[in-house]
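**Student:** Following the hints, put chain D in place on chain R, whose structure we already have.
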Amino acid sequence: MKKLNSPSDLEKLGNEIVAKRDPKRSVVAVCISTGCQALGAQEVLAALKEEIKKHGLEDKVDVRCTGCLGFCEGGPRVVVYPHEIFYFKVKPSDVPLIISKTLLKNEIVPHLLYKDFATGKTVKTLSEVPFYRYQTRLLLETNAKIDPTSIEDYIALGGYSALAKALFDMTPQQIIEEVKKSNLRGRGGGGFPTGRKWESARKAHGEPKYVIVNCDEGDPGVFANRALMEGNPHSILEGLIIGAYAVGASEGFVYVREEYPLAVKHMQIAIDQAEKYGLLGENILGSGFSFKVKIHRGAGAFISGESTALMNAIEGKVGEPRPKYVHTVEKGLWDKPTVLNNVETWAFIPLIINNGADWFRSIGTEGSKGTKIFTLAGKVNNTGLIEVPMGITLREIVFKIGEGIRGKKRFKAVQVGGPSGGVIPEEHLDTPLDFDELTELGAMMGSGGIIVMDSDTCMVDVARYFINFLCGESCGKCVPCREGLKQACKILDEIVAGRGKPEHIKTLLELAETMKDASLCALGQTAANPLLTTLRYFEDEYLAHILDKRCPALICKELLTFYIDPERCSGCHQCYRICPEQAIEGEQDQIHVINQSKCTKCGQCYDICPPEYNAVQKISGEAPPPIIPQEYRWLKQPWQTAEVTSTKRARVIANANVAVNLMQKALRPVLVVGNNAAEFEWNGKKLVDYVVELARGTGIPVIATSHVIGELLKRGYKPAAVMSLMELGSLIVDREWAGLDGEGPYDMVIFIGIPYYMAYEILSALKNFATNLVTINLDNMYNPQASWSLPNVSVKEWVNFIMSITSKLKEIKQNVHV
Amino acid sequence: MELEEKPETKIDRIIDKYVGKEGVLIQLLLEIQRELNWIPREVLKRINERLKIPESEVYRVASFYTAMSLEPRGKYLVRVCNGTACYVRGAQRILTAAERAIGIKAGETTNDFKFTLQTVNCLGCCALGPVVEINGKYYGLLTPKTLENIVSNLRSEQS
Numbered sequence: 041m042k043k044l045n046s047p048s049d050l051e052k053l054g055n056e057i058v059a060k061r062d063p064k065r066s067v068v069a070v071c072i073s074t075g076c077q078a079l080g081a082q083e084v085l086a087a088l089k090e091e092i093k094k095h096g097l098e099d100k101v102d103v104r105c106t107g108c109l110g111f112c113e114g115g116p117r118v119v120v121y122p123h124e125i126f127y128f129k130v131k132p133s134d135v136p137l138i139i140s141k142t143l144l145k146n147e148i149v150p151h152l153l154y155k156d157f158a159t160g161k162t163v164k165t166l167s168e169v170p171f172y173r174y175q176t177r178l179l180l181e182t183n184a185k186i187d188p189t190s191i192e193d194y195i196a197l198g199g200y201s202a203l204a205k206a207l208f209d210m211t212p213q214q215i216i217e218e219v220k221k222s223n224l225r226g227r228g229g230g231g232f233p234t235g236r237k238w239e240s241a242r243k244a245h246g247e248p249k250y251v252i253v254n255c256d257e258g259d260p261g262v263f264a265n266r267a268l269m270e271g272n273p274h275s276i277l278e279g280l281i282i283g284a285y286a287v288g289a290s291e292g293f294v295y296v297r298e299e300y301p302l303a304v305k306h307m308q309i310a311i312d313q314a315e316k317y318g319l320l321g322e323n324i325l326g327s328g329f330s331f332k333v334k335i336h337r338g339a340g341a342f343i344s345g346e347s348t349a350l351m352n353a354i355e356g357k358v359g360e361p362r363p364k365y366v367h368t369v370e371k372g373l374w375d376k377p378t379v380l381n382n383v384e385t386w387a388f389i390p391l392i393i394n395n396g397a398d399w400f401r402s403i404g405t406e407g408s409k410g411t412k413i414f415t416l417a418g419k420v421n422n423t424g425l426i427e428v429p430m431g432i433t434l435r436e437i438v439f440k441i442g443e444g445i446r447g448k449k450r451f452k453a454v455q456v457g458g459p460s461g462g463v464i465p466e467e468h469l470d471t472p473l474d475f476d477e478l479t480e481l482g483a484m485m486g487s488g489g490i491i492v493m494d495s496d497t498c499m500v501d502v503a504r505y506f507i508n509f510l511c512g513e514s515c516g517k518c519v520p521c522r523e524g525l526k527q528a529c530k531i532l533d534e535i536v537a538g539r540g541k542p543e544h545i546k547t548l549l550e551l552a553e554t555m556k557d558a559s560l561c562a563l564g565q566t567a568a569n570p571l572l573t574t575l576r577y578f579e580d581e582y583l584a585h586i587l588d589k590r591c592p593a594l595i596c597k598e599l600l601t602f603y604i605d606p607e608r609c610s611g612c613h614q615c616y617r618i619c620p621e622q623a624i625e626g627e628q629d630q631i632h633v634i635n636q637s638k639c640t641k642c643g644q645c646y647d648i649c650p651p652e653y654n655a656v657q658k659i660s661g662e663a664p665p666p667i668i669p670q671e672y673r674w675l676k677q678p679w680q681t682a683e684v685t686s687t688k689r690a691r692v693i694a695n696a697n698v699a700v701n702l703m704q705k706a707l708r709p710v711l712v713v714g715n716n717a718a719e720f721e722w723n724g725k726k727l728v729d730y731v732v733e734l735a736r737g738t739g740i741p742v743i744a745t746s747h748v749i750g751e752l753l754k755r756g757y758k759p760a761a762v763m764s765l766m767e768l769g770s771l772i773v774d775r776e777w778a779g780l781d782g783e784g785p786y787d788m789v790i791f792i793g794i795p796y797y798m799a800y801e802i803l804s805a806l807k808n809f810a811t812n813l814v815t816i817n818l819d820n821m822y823n824p825q826a827s828w829s830l831p832n833v834s835v836k837e838w839v840n841f842i843m844s845i846t847s848k849l850k851e852i853k854q855n856v857h858v
Numbered sequence: 042m043e044l045e046e047k048p049e050t051k052i053d054r055i056i057d058k059y060v061g062k063e064g065v066l067i068q069l070l071l072e073i074q075r076e077l078n079w080i081p082r083e084v085l086k087r088i089n090e091r092l093k094i095p096e097s098e099v100y101r102v103a104s105f106y107t108a109m110s111l112e113p114r115g116k117y118l119v120r121v122c123n124g125t126a127c128y129v130r131g132a133q134r135i136l137t138a139a140e141r142a143i144g145i146k147a148g149e150t151t152n153d154f155k156f157t158l159q160t161v162n163c164l165g166c167c168a169l170g171p172v173v174e175i176n177g178k179y180y181g182l183l184t185p186k187t188l189e190n191i192v193s194n195l196r197s198e199q200s
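Top line first, the protein sequences correspond to chains R and D. Numbers in this note's numbering are just positions in the first sequence, counted from 1, shifted up by 40. Numbers in this note's numbering are just positions in the second sequence, counted from 1, shifted up by 41.
Just chain R, same shape as in the assembly (with noise of 0.2 angstroms):
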């Protein structure tokens, strides 16, 4: 590898990159960022490797590892050039077909395409997801045409273009003017206009100066600075040295927090690329310019993402802020001049360096110009990076980007600017985001997380996260902050446990007001925020808290009850074996009881408690309903059984003499006729004619089902009954039912022209649960549920059959008579 020695080498190089390149090659690239990881994405590039290889396309198709597209939830992701088709949630087991229908034969493989779910229709391009629709990607777009680890990816694309034209065609004066010309403000919270902290510290007297990353992106649920540095960390060090040769830096510093260690590989790949190709270290370019980086990691301390802290970490001291009179830019790191940005900050600077002050201007508001990096996250559809224009209001984000609340809970508030950042209830949804409307709001752009809240988020406990997050972090330094946040904490835990007085509010009031005015550094002075604008928008969740001891979010645990309706408790017996305190009683088909004395409020039967019955509950501020007694906790249960495997089957009535032997031996015989009964015919007579002679000839008691009560009437032979045969089975298979006559149980039953299924499913209850009765099937199909079954007989073995044990029985009873 080659020094370069002059723009016209970059030119050069870039020029001969993009000619050996092949636009029309196919390209498969995964997305590697740490989010897709975790979904999978290592896998899926092993298997993708490994497929290539098996078609030996090795040479036709690179496999290329980008940096993060934001859309994190569809990850792993996996796009395909060159007709840049994007897959997404794609698994290991998805490669083959990708290889062989899309790389092979140009066919999509639809399952794999975005699907949006509120119109259902799969889409092949980025640009037709609603989650991008609306986005504006000056920083973000290239994440998806770049390998984060190579160089020459970067050069194809212009990159270290704008250090050429910077080192080259300007002045330092004339880099931080146009710096200051398109009013680009910090983009790690403050604000600060960029163009003037530079200004500053070229100003200031002290070698050397040094200049600094901010990659200590400490606030919870932010991720924008890891995408960046993941995804293109040239753009970044492009940024940086051009700010070192404005201000007149010798060294600069990029501090990554000890979470991102996959940011840190891929910013070291990039330094150490950089220098090779003489772009950065001794004469850059052969301008004479001289600069060198170095990484510092951090070591997990949220107060390091304060500059001062910054700088006294780097010093390899404890990251504590120092006084702020004391200006950084002039006396920073180790007490000399020190820039220092926030990693968005550093990737806008070759952007305006090469499109113009007057380009970025355009985009934006007033008083806050370009795009904005923020993070959306919790209770919306679409969760992930985001780049928007500045004046986008938060109901476009949340409801056209995020399309709108998970689940379809009710919006109830979103929470802006991390954890010293506010919460921004409905009624402010349409302000457009910019540093000073939502600093008018109580809150801040922060480190640009947005975190969406529905109607199931208690703001108190949420303002608790928040305080005890701060809390935790707060380095001890200055009382106000130290003290002020413990004490913070105390009361909202005492709230949150229903313990809370009135006066509380009135204490909070003052903490904040005090931690505002005394604290040393920004951490403290908008540690308040949270609770300042909690109690400003839902004063009326704290006093439900503390007046009525109620969370009305169903949140905090110990104002919380769960309980079981009796109502819609099926019986499952799920939360049962979920319990891990043994604290729910009950057996299956039984209705199940919460014992509340063991009850830990884990949750886990609530949310184990299938949706279809969501008999699990939770109250708050009501004592639960009285717990049902154990005699009451049975649930009625239909007969009818499911089929339990048995050998035993019906033994088979071999001829008529069996038959009647056995129904002469019964004391309360009954004979139950179906329908079916009407149907079949012999010798010119229906088999109910010699049903009814059956019946009249033996006395047996008639139930008769459905339609045949018509035929038997017809006949002039009354029936004991008539029912349905379901209404039937509920009554015969329960052993004290006492009978038509009310004379007793039956001990048999005798069906006969029942449909066969109908019979089957009977017989087949009453086998399990009323033993004590014998089962009689005269149809002419062997039933194995009853007792004692006729085998498979045809209609006219049947017939004759009956006829012969109706003359047999007849007899019986005539002797018997006699």
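A portion of the hints provided could be inaccurate.
[Claimed, not checked] Sample of chain R residues facing chain D (criterion: CB under 7 angstroms; computed from the structure): (1) E113; (2) G261; (3) G340; (4) A341.
[As the list claims (entries may be wrong)] Capping the alpha-carbon separation at 20 angstroms, the derived lysine to any residue pairs in SDA-like fashion look like this: (5) K220/R - I403/R; (6) K131/R - T187/D; (7) K185/R - C105/R; (8) K641/R - T137/D; (9) K357/R - S97/D; (10) K546/R - R576/R; (11) K638/R - R141/D; (12) K334/R - G64/D; (13) K658/R - T137/D; (14) K638/R - E140/D; (15) K93/D - G356/R; (16) K334/R - E63/D; (17) K597/R - T137/D.
[What the hints assert, rightly or not] Simulated restraints, written as ranges between beta carbons of each label pair: (18) K526/R - E63/D: 32 to 38 angstroms; (19) R141/D - W777/R: 46 to 52 angstroms; (20) R101/D - R576/R: 36 to 42 angstroms; (21) S97/D - L583/R: 46 to 52 angstroms; (22) R141/D - V149/R: 38 to 44 angstroms; (23) F232/R - Y100/D: 31 to 37 angstroms; (24) D629/R - G148/D: 42 to 48 angstroms; (25) K205/R - R141/D: 56 to 62 angstroms; (26) E63/D - I403/R: 38 to 44 angstroms; (27) R236/R - G148/D: 43 to 49 angstroms; (28) P81/D - E466/R: 51 to 57 angstroms; (29) E480/R - Y100/D: 40 to 46 angstroms; (30) D496/R - K86/D: 49 to 55 angstroms.
These aren't lab readings, by the way, just hints derived from the structure by calculation. It should be emphasised that the depicted structure is a prediction, and the values quoted were computed from it without experimental measurement. Each residue gets a CB set at the ideal place from its N, CA and C atoms; glycine is no exception.
**Tutor:** Using the frame of chain R, we list chain D on its own:
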């Protein structure tokens, strides 16, 4: 046959790289932490002897930063993200599940040094909350049940 390097020489070898340089304490401690998985008391003393930084200062830095541990940690470092996005999506329940599955509270280490359980402020995978990181591997969109499975897999892997 090669003898395994003693921990003391290992530490000295790491310290060697930082002798005579400015502002190196944090990076030095982090490197030792990576090597030993924690920072024993002897290391603080050794740094004091070799780099002439007061032991109190070394202790102050080592106890300030959450990435450094002055107590031995388990083979698997389970870090439950408690960032805002994860929190509103139920990170507390994931933590409770982890505590139950491993049998320790957050901040503790099992007696057999197999697991250490921690909470972390934000892992930057906010769109995938709730998230847990175990020894550098990220697990997104978790439920208490899947976390329990992951823990039990890790447990059976070693035995």
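**Student:** Hint by hint, note whether the structure agrees.
**Tutor:** These are the hints, each one checked on the structure:
1. E113: Nearest chain D Cβ about 5 angstroms off; hint holds.
2. G261: G261/R check passes; min Cβ-Cβ to chain D is 4 angstroms, inside 7 angstroms.
3. G340: Cβ of G340/R sits 4 angstroms from chain D, so the hint holds.
4. A341: The hint holds - A341/R has a Cβ within 7 angstroms of chain D, the shortest such distance being about 5 angstroms.
5. K220/R - I403/R: Holds - the C-alpha atoms of I403/R and K220/R are around 15 angstroms apart, at most 20 angstroms.
6. K131/R - T187/D: OK: K131/R and T187/D at ~18 angstroms, within 20 angstroms.
7. K185/R - C105/R: holds, 10 angstroms
8. K641/R - T137/D: Holds, at about 11 angstroms.
9. K357/R - S97/D: Holds: K357/R and S97/D sit about 12 angstroms apart, inside 20 angstroms.
10. K546/R - R576/R: holds, 13 angstroms
11. K638/R - R141/D: Judged against 20 angstroms, a Cα distance of about 17 angstroms means the pair holds.
12. K334/R - G64/D: The hint holds at about 13 angstroms.
13. K658/R - T137/D: holds, 19 angstroms
14. K638/R - E140/D: holds, 19 angstroms
15. K93/D - G356/R: holds, 14 angstroms
16. K334/R - E63/D: Judged against 20 angstroms, a Cα distance of about 13 angstroms means the pair holds.
17. K597/R - T137/D: holds, 13 angstroms
18. K526/R - E63/D: 32 to 38 angstroms: About 35 angstroms separates the Cβ atoms of K526/R and E63/D, which means 32 to 38 angstroms holds.
19. R141/D - W777/R: 46 to 52 angstroms: holds, 50 angstroms
20. R101/D - R576/R: 36 to 42 angstroms: This hint holds: roughly 39 angstroms between Cβ atoms.
21. S97/D - L583/R: 46 to 52 angstroms: Holds: the Cβ-Cβ distance is about 48 angstroms, inside 46 to 52 angstroms.
22. R141/D - V149/R: 38 to 44 angstroms: Taking Cβ atoms as reference, R141/D and V149/R lie about 41 angstroms apart, which means the hint holds.
23. F232/R - Y100/D: 31 to 37 angstroms: holds, 36 angstroms
24. D629/R - G148/D: 42 to 48 angstroms: holds, 44 angstroms
25. K205/R - R141/D: 56 to 62 angstroms: holds, 60 angstroms
26. E63/D - I403/R: 38 to 44 angstroms: holds, 42 angstroms
27. R236/R - G148/D: 43 to 49 angstroms: Check passed, 44 angstroms falls within 43 to 49 angstroms.
28. P81/D - E466/R: 51 to 57 angstroms: holds, 54 angstroms
29. E480/R - Y100/D: 40 to 46 angstroms: Because 45 angstroms falls inside the window, the suggested range holds.
30. D496/R - K86/D: 49 to 55 angstroms: Given a distance of about 52 angstroms, which is inside 49 to 55 angstroms, the answer is holds.
Checked against the numbered hints given earlier, this structure breaks none of them.
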